[in-house]
Amino acid sequence: MIQNLKMMIQNLNMMIQNLNIMKIKKAIFTLTVIKNYDSESEGADSESEDDEDQESNLHTDRSGISEGDKSMDFSADQNKFEDSGPGLSSLLHHYRNILRETKLHHEQEILSYKQNINELQSKLNSKVQEVEDLTLKNSELRKKCQKLRIEKNECINKISEEFAAQKKCQLFLESGAIEEINVLKLQVRHLEKEKSNFERENSFLKKSFFHRWTWSLLGGVHDRLLMPLEGAVRQLVSD
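For the sequence shown, full-length UniProt numbering gives the first residue as 1, with consecutive numbering after it.
In case anyone wonders, no lab produced these hints; they're calculated from the structure.
Note that the coordinates shown come from a computational prediction; the quantities given were computed from them, not determined experimentally.
Careful, some of the hints might be misleading.
Pairs of lysine to any residue residues, derived as SDA-like cross-links and limited to a Cα-Cα distance of at most 25 Å, are as follows [said to hold, decoys possible]:
hint : residue 1 : residue 2
1    : K195      : S208
2    : K152      : F163
3    : K152      : E162
4    : K147      : K158
5    : K25       : K143
6    : K144      : K167
7    : K167      : E179
8    : K143      : V128
9    : K123      : Q17
10   : K193      : N182
11   : K103      : E192
12   : K123      : Q108
13   : K25       : H105
14   : K167      : E180
15   : K25       : N97
16   : K207      : E194
17   : K206      : N182
18   : K114      : M15
19   : K207      : E192
20   : K195      : N182
Given the sequences, and given the hints that come with them, work out the whole structure.
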C-alpha cells in the first residue's frame, strides 16, 4: 500500500513536470508562429532578417533560458507585435487568450495535482505511522509470545517432574505393599504354626488332666471300699 502511494506521488510529480514543459513548449510554439507570420507578411527585408536572426538566436539559446526569462522575452515580443498592425495584433490577442486559458487550465490542474499529492502524502505519512505502530505492536507481541513459550516450557517441565515423582512414589508404594503382604503372610504362617502347637499342647494337657482326675477319683473309691474290709479283717484276727 505504501509503495503504491509513493509510486502515485512520483507519477503526479512527473505529470506536473510534463505540464510545465508543455506550457513552455506551447509558449515557444505560439511565439514561433507569430514570428513566422510576421516574416511572411513583411518579406525578405532587413528587419525580417533581423527577426529571423533573433528567432534563430532564441531557438539556439532556448535550452539555457529559464521559464521566467522565456516569459519576459515572450511579453516583450508581444508588445513588439502589437505595434506591427491590426491583423497581427488580433492574431496575437487570439493566441494570448489561448495561452491565458491554457495557463489557467494548467494552473488548475497543477493545483489539483498538488492537492492530490498533499492528500496522498498525508495518507502516506498516516500509513507510515500505522506501519510503525504495527511494527511496535508486533515486536511487543513477539516478546509476549516468547515469554509465554518460556513459561509453557517451564510448566511442562514442572508437570513432567511432578508426574515422574508421582510415578516413582506409586511404584514405591506398590513395591512396599507387596513386601508388607509377604511379611504379613509370614506372620500369619508363624501364628498358624504357633496356634497348632498351642492346640496340641492344650490337647495333651487336657488328656493328662483327665487321666489324673480319673486316677484320683478311682483312688478315693478304693479307699472307701477297702478300709472297712481291712478293719473287719483286723477285728476277726484279734478275736
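For each hint, the structure was consulted:
1. K195 x S208: With a Cα-Cα distance of about 20 Å, the restraint between K195 and S208 holds, given a limit of 25 Å.
2. K152 x F163: holds (16 Å)
3. K152 x E162: With a Cα-Cα distance of about 15 Å, the restraint between K152 and E162 holds, given a limit of 25 Å.
4. K147 x K158: Satisfied, since the Cα-Cα distance of roughly 16 Å is no more than 25 Å.
5. K25 x K143: violated (60 Å)
6. K144 x K167: It is violated: about 34 Å lies between the C-alpha atoms, which goes past 25 Å.
7. K167 x E179: holds (18 Å)
8. K143 x V128: Status holds; Cα separation ~22 Å.
9. K123 x Q17: holds (22 Å)
10. K193 x N182: Holds, because 16 Å separates the two Cα atoms, which is no more than 25 Å.
11. K103 x E192: violated (128 Å)
12. K123 x Q108: holds (22 Å)
13. K25 x H105: holds (15 Å)
14. K167 x E180: Holds, at about 20 Å.
15. K25 x N97: holds (16 Å)
16. K207 x E194: It holds: about 20 Å lies between the C-alpha atoms, which stays within 25 Å.
17. K206 x N182: Distance of about 36 Å is beyond 25 Å: violated.
18. K114 x M15: The given pair, whose Cα atoms are some 11 Å apart, holds under the 25 Å limit.
19. K207 x E192: holds (22 Å)
20. K195 x N182: Holds, at roughly 20 Å.
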